[in-house]
Amino acid sequence: MGPVENIFMKIFVFVLVQFLFLSMGFSQESIKDQHIRIRVLAPQIFSSEDETVMGLYFQPDPEWHVYWQNPGDSGAAPKFDFSSQTADIGPILWPFPARLPIAHLTNIGYEGSVVYLFSVKPKSTSDVEIKMNLEWLVCKIDCVPGFAKINFKQPVHSAASRWKAADLDLVKKFLARVPESADSAPLKISMAYLDQGHLKLKVKSASDLKTLQIFPLNGDFIHAATPEIDANGDEFIFKTTSVTAPAKLSFVAAYNNTAWQFNDIPLSLTGAVSAESLLSLIFFAILGGLILNLMPCVFPVISIKTFSLLKTKGKDRVKDCLLYSLGVMTTFVLLGGLFLFLRSFGAAVGWGFQLQSPAVILGLVLLFWLMALNFLGAFEMGTSIMNFSGQLKGGSSSFGTGVLSVFVAAPCTGPFMGAALGAAITLPALSALIIFLGLGFGLALPFILFAFFPRLLTVLPKPGPWMEVLKQFFAFPLFATVLWLLWVLGQQAHTHGWYLASIAIFVVSLAIWLSKYLSSQKNIILALVTLIVVGGLAYSLNLLGSPTSSQITSNWQAYDEAKLKEARQNGQAVFVDFTAAWCITCQVNKQAVLDTVEAQNYFKENNILLMRADWTRYDPKITAALSKLGRSSVPVYTYYPRDGSEPKLLPQLLTLNILKGETQ
Amino acid sequence: MKKLLSVLAIAYALVLAPTLAWAEAVPGKPAPAFEVKDAAGKTQKLSDYKGKWLVLEWFNKDCPYVKKHYEKSTNMQDLQKKYTAQGITWLTVISSVKGKQGHMTPAAATKYFKDKKSATAAILLDETGAMGKAYDAKVTPHMYIINPEGNVVYAGAIDSNDSSSADVIPKSKNYVAEALEASLAGKSVATTSTKPYGCSVKY
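Chain order of the listed sequences is A and B.
So in our numbering, spot 173 of the first sequence is number 173, and the numbers just go up one at a time.
So in our numbering, spot 110 of the second sequence is number 110, and the numbers just go up one at a time.
Hint data in this document are derived by calculation from the structure and do not stem from the laboratory.
Be careful, since some hints might not be right.
Examples of chain B residues lying across from chain A (beta carbon under 8 angstroms, computed) [to be verified]:
{"#": "1", "residue": "T43"}
{"#": "2", "residue": "P64"}
{"#": "3", "residue": "A166"}
{"#": "4", "residue": "S200"}
EDC-like mimics (lysine to aspartate or glutamate), calculated; alpha carbons at most 16 angstroms apart, straight line [unchecked claim]:
{"#": "5", "chain 1": "B", "residue 1": "K29", "chain 2": "A", "residue 2": "D220"}
{"#": "6", "chain 1": "B", "residue 1": "K67", "chain 2": "A", "residue 2": "D142"}
{"#": "7", "chain 1": "A", "residue 1": "K648", "chain 2": "A", "residue 2": "D142"}
{"#": "8", "chain 1": "A", "residue 1": "K79", "chain 2": "B", "residue 2": "D167"}
{"#": "9", "chain 1": "B", "residue 1": "K98", "chain 2": "A", "residue 2": "D142"}
{"#": "10", "chain 1": "B", "residue 1": "K29", "chain 2": "A", "residue 2": "D142"}
{"#": "11", "chain 1": "B", "residue 1": "K100", "chain 2": "A", "residue 2": "D142"}
{"#": "12", "chain 1": "A", "residue 1": "K123", "chain 2": "A", "residue 2": "D50"}
{"#": "13", "chain 1": "B", "residue 1": "K114", "chain 2": "B", "residue 2": "E71"}
{"#": "14", "chain 1": "B", "residue 1": "K111", "chain 2": "B", "residue 2": "E71"}
{"#": "15", "chain 1": "A", "residue 1": "K140", "chain 2": "B", "residue 2": "D167"}
{"#": "16", "chain 1": "B", "residue 1": "K114", "chain 2": "B", "residue 2": "D78"}
{"#": "17", "chain 1": "A", "residue 1": "K239", "chain 2": "B", "residue 2": "D136"}
{"#": "18", "chain 1": "B", "residue 1": "K100", "chain 2": "B", "residue 2": "D62"}
{"#": "19", "chain 1": "B", "residue 1": "K133", "chain 2": "A", "residue 2": "E566"}
{"#": "20", "chain 1": "B", "residue 1": "K29", "chain 2": "A", "residue 2": "D560"}
{"#": "21", "chain 1": "A", "residue 1": "K149", "chain 2": "B", "residue 2": "D167"}
{"#": "22", "chain 1": "B", "residue 1": "K195", "chain 2": "A", "residue 2": "D220"}
{"#": "23", "chain 1": "A", "residue 1": "K210", "chain 2": "A", "residue 2": "D234"}
{"#": "24", "chain 1": "B", "residue 1": "K61", "chain 2": "A", "residue 2": "D560"}
{"#": "25", "chain 1": "A", "residue 1": "K565", "chain 2": "B", "residue 2": "D136"}
Computed far set for chain A versus chain B, every beta-carbon distance over 10 angstroms [stated by the list, open to error]:
{"#": "26", "residue": "S119"}
{"#": "27", "residue": "F407"}
{"#": "28", "residue": "P465"}
{"#": "29", "residue": "W466"}
{"#": "30", "residue": "F603"}
{"#": "31", "residue": "Y639"}
{"#": "32", "residue": "K660"}
The C-beta atom is built at its ideal place from N, Cα and C for all residues, glycine as well.
Full structure from sequences and hints, please.
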C-alpha cells in the first residue's frame with residue numbers, strides 16, 4: 001500500500017468513525033446528576049417493522065438506589081413522561097425489584113443499576129423523536145431528587161433494528177427481569193383475603209414460599225415489609241395499612257431470577273375460604289354440634305327426648321328421630337339465615353345474638369318453667385307444651401324438640417364451634433348456611449344414628465314405671481336452668497329483670513291452673529290476657545338499661561381498647577376474657593379456672609393485665625373486637641404477649657395448665 | 001328498629017375494622033399521647049389540645065419533599081395560615097435524631113420557621129423519636145389531623161402527587177385541606193387515610 005492509499009485509508013477511517021460517532025450521538029444521550037448517571041439505551045437505527053424495546057439506564061453511585069413502581073414505605077418511583085409524534089410508546093416495564101431495609105422502614109427498589117424499559121413502534125420510516133420528561137429520586141439514607149428533559153431522536157429503516165451490542169445486552173439483561181404473564185408462572189395465587197388486619201395470600205407453589213419473593217404493586221394498602229409465611233407454608237401474610245382496602249390487588253412474584261405478574265386478584269373482604277378449609281370448617285361444625293349434646297344447657301332437653309323415644313317403637317322411633325333431626329337442622333338453618341340477613345344489613349351480630357335480648361330470655365324462662373311443671377305432673381296440657389318436651393307420639397312434637405334443642409343450645413358454644421361460627425360471619429351466604437347446617441347435623445347426629453341403626457336403641461333400658469320417676473327428676477335440671485336464666489336477666493336488666501320475669505312466671509302458672517276450670521271459650525280470653533301481660537313484661541324488660549357489668553371485679557377491668565393498647569405499649573401482657581352471663585361455657589371457665597385463687601395469683605405474679613369484655617347485652621365495640629379476632633361467639637380467651645406480638649387465642653375449654661401453658 | 005339503625009351505623013366501622021392494622025395513629029382511633037419540648041422550651045402535650053382541632057406535620061428541613069411545600073412553594077405555610085385563622089392548631093414535629101439529617105437546635109428551628117413565615121403554633125423537637133414512633137410517622141411530610149375529642153380523623157400524605165417538583169401542586173388534590181374543610185363544616189372526612197410520601201423520618 002502506497003502513501004497515497006494510506007492517506008485515503010486514513011481519511012476513510014476518519015470519516016467512517018465520524019459517521020458512526022454521529023449516528024450514535026443521540027443514543028449516547030446521557031445525563032450526569034447528583035449521585036446518578038442516566039443513559040438512554042436505544043438502537044442506532046430503529047426498525048419500522050417491529051416493536052423495539054429500549055430503555056433508560058439508571059446508574060446510581062455505590063450504595064445509592066432508585067425505586068420500583070411501588071417504592072415502599074418512603075421514597076418515590078421515577079416518573080416518566082414521554083411524548084412522541086412519530087412513534088407509539090408502550091408503558092414502562094419495571095424489572096422486578098428487591099426489598100431495601102432503611103432503618104425500620106422497607107423500601108422497594110434496585111440495588112445498583114437498573115434499566116427501566118419501554119417499547120417503541122415507529123409510525124413510519126421517519127425518525128423516532130421522543131420528548132422525555134424524567135423525574136427521579138435517588139437515595140442512600142438521604143434522598144436527592146432529580147429532573148431532566150431529553151429530546152431523543154434516532155433514525156428508522158425498514159430492516160431489523162441495529163444495536164450496539166453492549167447496549168442490547170443491557171436491555172436484554174433487564175428485560176429478562178420484567179415480570180411475565182401469570183399463566184406461565186410455576187405458582188398460583190389462589191386467594192387473597194383479610195384476616196385480623198392482615199392480608200393473606202394463599203399460594204400454590206412447588207417450591208418453598210421462602211424461596212419466593214413477592215411484591216405488592218399497591219403500596220397504599222399493603223406494608224412494604226417482607227411478608228411472613230404461615231405455619232402451613234402456603235400463605236403469605238402481609239401487614240396492611242389503615243388505607244381502605246381496594247377490591248383488587250396485583251402482585252409480582254419472583255423466583256430464581258424470573259418474575260411473574262399476577263393482576264387483579266379479587267380481595268375477598270369477607271375472607272372467603274377455599275374449598276379445603278371449608279371442608280375442615282364443616283367438619284369442625286359437625287364435631288362442635290355433636291359435643292353440644294353434652295353441654296349443660298342442651299343435656300336436659302336431649303335426655304327428655306331420648307327418654308320419650310323409649311315409649312315409641314319400630315317405625316315410629318325412626319320417624320321420631322328423623323323428625324327431631326329435621327327440627328334441629330331446620331332451626332339452625334333458619335337462625336343462620338336470620339343471622340345472615342341481619343349481617344347483610346351490616347348488623348354487628350354474633351352467635352348467641354338471640355340471647356342478648358331480655359325478651360327472648362324471658363321466653364325461655366317460661367318455657368323451661370312450664371316444662372318442669374309438666375314433668376312434675378302439675379298439669380297435663382293437650383299438646384302445645386308437651387309437644388315441645390317431646391312427650392307425644394305425634395311427629396310435630398319431635399320436630400318441636402329439635403327446635404327447642406337449638407334454642408337452648410345457643411348459650412353453650414362448645415369447643416370447635418368457635419372457629420366454625422367465626423368463619424360463618426365472614427363467609428359468603430351459601431357457605432355460611434352450610435356451616436350452620438353442619439352444626440345442626442352434629443347436634444342431631446346421635447338421633448340420626450338411632451334412626452339408621454335402630455339396634456343402638458336396644459341398648460336403652462325397657463320402659464317401665466321408673467320412667468315416671470325419672471321424668472319427675474328431670475324437672476329439676478329444668479328448674480335449675482330457670483334459676484340460671486333469671487340470673488342472666490338480672491345481669492341484663494338489673495334486679496328488675498328477674499323481678500319482672502318472676503311476675504311472668506306467676507301469671508303464667510296462675511293462668512294454667514285457672515284454665516283447668518274454665519270453658520274453652522273463656523280459655524281463649526285467658527290465653528289472650530296472659531299473652532298481653534307477658535308481652536308487656538317482655539317489653540318493659542327490653543326497655544330496662546343494662547347495669548354495669550357484675551362481671552367486672554377488682555381483678556378484672558372492663559374491656560377498653562385504648563387501655564389495652566396502652567398496656568401493650570408499656571410492654572405489659574394482657575389477657576382478655578370475652579364472656580356473657582348467658583354463656584355457660586364462659587361461666588364454667590370463670591368459676592373453674594379464671595377466678596380461682598391459683599389463676600389470679602398466676603396473673604398477678606406474671607403482671608398480666610386482666611380485661612373482661614362482657615357481651616351479655618348487645619355491645620357493638622365488643623362485637624367489633626370479636627370480629628377482628630375472627631370470632632362471632634363467646635367464650636373467646638385472648639392473650640396479648642408482652643413483646644407486642646400477635647394475640648393468641650386460647651382453647652374454649654380452659655384448665656389451669658392450658659392457661660399457664662398458653663400465656664408464657 | 002332503633003337498635004337495628006344504630007347497628008347499621010356501626011356496620012361501616014365493622015366492615016373497615018378488619019382492614020385496620022396495628023398501626024399507632026389510625027383514623028377513627030384515639031391519637032397516641034405525646035409529651036415533647038418545643039423550640040420555645042415549652043412542654044407540649046396532646047391533652048393540652050382537647051377540644052381543639054389539631055394538625056400534626058412531620059418536618060425535616062433538608063428533605064426535598066418538605067422543600068417542595070416550604071421553599072419551592074409556600075404550600076405548607078399557606079395551609080397553616082388559612083386554617084390557623086379558622087381556629088385550628090398546627091404543630092410541626094421534627095423527629096430527626098441528633099446527628100441525623102434534619103435535626104435542628106431550638107434556635108435554628110425558631111429562625112427557620114420565622115424566615116419561612118410559617119404560622120405553625122409550635123415546633124416540637126422530638127429528639128428521641130418517641131413521638132414519631134408512637135404515631136408511626138414514616139416520612140416527612142407525614143400529616144395527621146386530630147379532632148377535638150382526641151381521635152385521629154386523617155393520617156397520610158399532604159396531597160395526591162408524590163412528585164418532588166412544586167410544579168404539580170396546583171394540579172394535586174390536597175387531602176389535608178379537604179379533610180379540614182369537611183371537619184370544620186361538621187361533615188365527616190371522605191378520605192381518612194392515604195399512603196404518605198416523602199423522605200423517611202430520620203430516627
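Okay, the hints, checked on the actual structure:
The beta carbon of T43 (chain B) comes no nearer than 20 angstroms to any beta carbon in chain A, farther than 8 angstroms, and the hint placing it at the interface is violated. Of the supplied interface hints, the one on P64 (chain B) holds, with its beta-carbon coming within about 4 angstroms of a beta-carbon of chain A, less than 8 angstroms. Checking A166 (chain B) against chain A: minimum C-beta separation of about 11 angstroms lies over 8 angstroms; hint violated. At its closest, the beta carbon of S200 (chain B) sits 4 angstroms from a beta carbon of chain A; the interface hint therefore holds under the 8 angstroms criterion.
For the suggested pair K29 (chain B) and D220 (chain A), the alpha carbons sit about 19 angstroms apart, so the restraint of at most 16 angstroms is broken. Among the hinted pairs, K67 (chain B) with D142 (chain A) is consistent with the structure: their alpha-carbon atoms are about 14 angstroms apart, no more than 16 angstroms. This hinted pair does not check out: K648 (chain A) and D142 (chain A) have alpha carbons roughly 39 angstroms apart, beyond 16 angstroms. At roughly 14 angstroms between alpha-carbon atoms, K79 (chain A) and D167 (chain B) fall within 16 angstroms of each other, so this suggested pair holds.
Proposed proximity of K98 (chain B) and D142 (chain A) is supported: the alpha carbons are some 15 angstroms apart, at most 16 angstroms. Using a Cα cut-off of 16 angstroms, the hinted pair K29 (chain B) and D142 (chain A) is violated, with the two alpha carbons roughly 32 angstroms apart. The suggested pairing of K100 (chain B) with D142 (chain A) holds, with an alpha-carbon distance near 9 angstroms, which does not exceed 16 angstroms. Restraint check for K123 (chain A) and D50 (chain A): the C-alpha separation of about 10 angstroms stays at or below 16 angstroms, so the hint holds.
With a CA separation close to 13 angstroms, the supplied pair K114 (chain B) and E71 (chain B) stays within the 16 angstroms bound. Among the hinted pairs, K111 (chain B) with E71 (chain B) is consistent with the structure: their alpha-carbon atoms are about 15 angstroms apart, no more than 16 angstroms. At roughly 25 angstroms between alpha-carbon atoms, K140 (chain A) and D167 (chain B) are farther apart than 16 angstroms, so this suggested pair is violated. For a cut-off of 16 angstroms, the pair hint linking K114 (chain B) to D78 (chain B) stands: about 14 angstroms separates their Cα positions.
Note on K239 (chain A) and D136 (chain B): the hinted pairing holds, with a Cα-Cα distance of about 14 angstroms set against a maximum of 16 angstroms. A distance of roughly 10 angstroms separates the Cα atoms of K100 (chain B) and D62 (chain B); the hinted pair therefore holds under the 16 angstroms criterion. Restraint check for K133 (chain B) and E566 (chain A): satisfied, since their Cα atoms lie roughly 14 angstroms apart, inside the 16 angstroms limit. The hinted pair formed by K29 (chain B) and D560 (chain A) meets the criterion: a straight-line CA distance of about 12 angstroms does not exceed 16 angstroms.
Under the criterion of a C-alpha separation no larger than 16 angstroms, the hint pairing K149 (chain A) with D167 (chain B) is consistent with the structure, at around 15 angstroms. The straight-line distance between the Cα atoms of K195 (chain B) and D220 (chain A) is roughly 5 angstroms, inside the 16 angstroms bound, and the hint therefore holds. As the CA atoms of K210 (chain A) and D234 (chain A) are separated by approximately 10 angstroms, the hinted pair is consistent with the 16 angstroms bound. Taking the CA atoms of K61 (chain B) and D560 (chain A), the gap is near 39 angstroms; set against the 16 angstroms cutoff, the hint is violated.
Between the alpha carbons of K565 (chain A) and D136 (chain B) the distance comes to roughly 14 angstroms, so the proposed pair stays at or under 16 angstroms and holds. For S119 (chain A), the requirement that its beta carbon stay farther than 10 angstroms from each beta carbon of chain B is met, with the minimum near 25 angstroms. Separation of F407 (chain A) from chain B is adequate, the least Cβ-Cβ distance of about 21 angstroms exceeding the 10 angstroms criterion. In this structure P465 (chain A) is separated from chain B by more than 10 angstroms, as the shortest Cβ-Cβ distance comes to about 51 angstroms.
Residue placement check: W466 (chain A) keeps its beta carbon more than 10 angstroms from all beta carbons of chain B (closest about 49 angstroms). In this structure F603 (chain A) is separated from chain B by more than 10 angstroms, as the shortest Cβ-Cβ distance comes to about 23 angstroms. Once the 10 angstroms rule is applied to beta carbons, Y639 (chain A) is consistent with being away from chain B; the minimum gap is 15 angstroms. Interface exclusion of K660 (chain A) from chain B stands, the closest Cβ pair being 26 angstroms apart, more than 10 angstroms.
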